[in-house]
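Chains as they are written, first to last, in my numbering: chain A, 6 to 314; chain B, 27 to 260.
FYI, nobody ran anything at the bench for these hints, they're computed from the structure. Be aware that a few hints might be false.
As the list claims (entries may be wrong) - Cβ pair distances, simulated, as ranges:
#1 A:Thr-183 x B:Gly-159: 17 to 23 Å
#2 A:Thr-185 x B:Pro-193: 39 to 45 Å
#3 A:Val-286 x B:Gln-41: 54 to 60 Å
#4 A:Phe-126 x B:Arg-138: 31 to 37 Å
#5 A:Leu-122 x B:Tyr-37: 43 to 49 Å
Every residue gets a Cβ at the ideal spot worked out from N, C-alpha and C, and that includes glycine.
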Amino acid sequence: MTSAQIEVLLQTLISGILLGGLYALIGLGMTLIMGVMKIINLAHGELMMVAMYIAYWMFVLFHVDPYLSVFIAAPVMFFLGVMIQKFLINPVLRVESILPENQVILTVGIGMVLSNLATMFFTSDYRSTPVGYATDALYLSDYWKSSPIELSLSVPWSVSFVFAVIITIALWFFLSKTDTGKSIRATAQDPEAALLMGVNIKLMRVITFGLGSGLVGAAGCLLLPIYYLFPALGGQFTLIAFVITILGRLGSAMGAIIGGLVLGVFESLTATYIGMGWAPVGRFVMFIACLVFLPGGVASLLRKKRFGA
Amino acid sequence: MLEIRGIDVSYGDTQVIRDLSLEVRKGEVVALIGANGAGKSTTLKTISGLLRARKGEILFEGTPVHKAEAYKLIGMGLSLCPEARRLFVEMTVDENLDMGSLKGEAKRQRQRTKEAVFGLFPRLKERRRQIAGTLSGGEQQMAAIGRGLMSLPKLLMFDEPSLGLAPILVREIFDIIKKIREDGTTVLIVEQNVKQSLAAADRAYVLETGRLVMQGTGEALLSNEHVRTAYLGV
Ligand SMILES: Nc1ncnc2c1ncn2[C@@H]1O[C@H](COP(=O)(O)OP(=O)(O)OP(=O)(O)O)[C@@H](O)[C@H]1O
Ligand SMILES: [Mg+2]
């Protein structure tokens, strides 16, 4: 390899890891909901889209930086998730339905409603958020004059990545160190035993859906400075979260983090070595491969019980 | 302490428990014995609120609990070590013990109770950071009993604590139950191991296909002809 080739490869890996960190955060929310509720939340990407519009308007109307909007959009999304779980999903869970997948279909419906509402209110225009630091970057040669290769690090991508890492660590802390977090994991592993321990499992499910929505809401804010926004963007991110959830062996948080990083790097490699437009194709190939090689097929997703830390 | 008055329990259309009444007094060890499928586990699950009785009532310290939400009972002092242990298999031993003490006084006393549990089961202390699913069967049973004790229960119910354990461990489990009782906890135990549980119990009830067919002191039942032929094989 020539040094130019090494430079391209390293640069690609760096972008892949930065992207993967955000993907991991998006996947974590779905994974959490999956682990505790045994349902695949197919409105996940649409929830993120809603959070992005919140952050977008906060920026345009009140000049609130998208990174600050994490603290606004995530709680709002938490609340929205709680409402969705309480008033839409729970009633369907209660009904002994003909189709056990009813809740999943319901989440598809919720996603459609959200993206249609967004189109109605905000039109289907593509928007980008003109933050001042959008194109700022750090260069290796500024820090190491005699460096044989040149690498750059985008400021917004790096800041978003750091935020994603911090949120992930906070989530880990919550799930492993607090009683509520342990109760959520216990509910995922064995709801009946959790009940015996005094866990209000219905409440845990509500909190979990809120938490999953809040996490993807935070991810949306982090994505805003580096991505364009339009009402239909949810679908592709639902797919991304789904792939990560499968890659991460379903329901394991550590799995989701690794799954996110793998997917980010894979997409980045596809974009560099095959072509910019091919990243979504690479993602789709990975999605199909997951489904084909997943032991037990998609149905095992719904049956899978466990959820680690 | 616990009073069950004429309960019927069904799974769908299949009635499993018929007009069952029994009583556990403060400080007692009471055994509920019966063949496979007699309805012992069903009875304990109904007491714990996991199943609902169609008819009849259940009083715990005089308070009706047959309509209470299952998650509220442990806070009242009613705790079940369920059949097959049901540990949280992806959590550590420590975390499983924490899960036993989520409420009120039990939570405040968590560290102290944990030390007491480690006193009973030194093996658990060595393995406290180990994932529960990787413990041996005997260690898992110790963890399950420990988790039950963490709630500082007034009444601790065991569903087949000796299942699948080597004879020496079975004896150890019964010794522990004796200690638990000496510490002032009332015990209701369901067992296949009829001989040992009758020996350990003050009183016992015999359940056959969902009906109570006999009751008496552990000693009386041990020497009863029917019990001897049906359950002790002598
Ligand atoms: N979830 C269920 N749905 C339908 N029937 C059930 C269910 N659980 C138990 N039963 C039936 O209820 C009856 C009593 O079961 P239970 O588990 O209470 O018996 P048990 O006395 O605990 O038996 P064992 O000693 O084998 O544990 C059995 O005939 C069993 O098949
Ligand atoms: Mg049983």
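For the range 54 to 60 Å, tell me whether the beta carbons of A:Val-286 and B:Gln-41 fit it or not. The hint (54 to 60 Å, Cβ to Cβ) holds, given that A:Val-286 and B:Gln-41 are roughly 59 Å apart.
Distance restraint hint 43 to 49 Å, applied to the beta-carbon atoms of A:Leu-122 and B:Tyr-37: Check passed, 44 Å falls within 43 to 49 Å.
Is 17 to 23 Å a correct range for the gap between the Cβ atoms of A:Thr-183 and B:Gly-159? Given about 22 Å between the Cβ atoms, the range holds.
Could you see if the CB distance from A:Phe-126 to B:Arg-138 stays within 31 to 37 Å? Violated, at about 57 Å.
May I ask you to test the hint 39 to 45 Å on the CB atoms belonging to A:Thr-185 and B:Pro-193? holds, 42 Å
Violation of the numbered hints given earlier is confined to hint 4; every other hint is satisfied by the structure.
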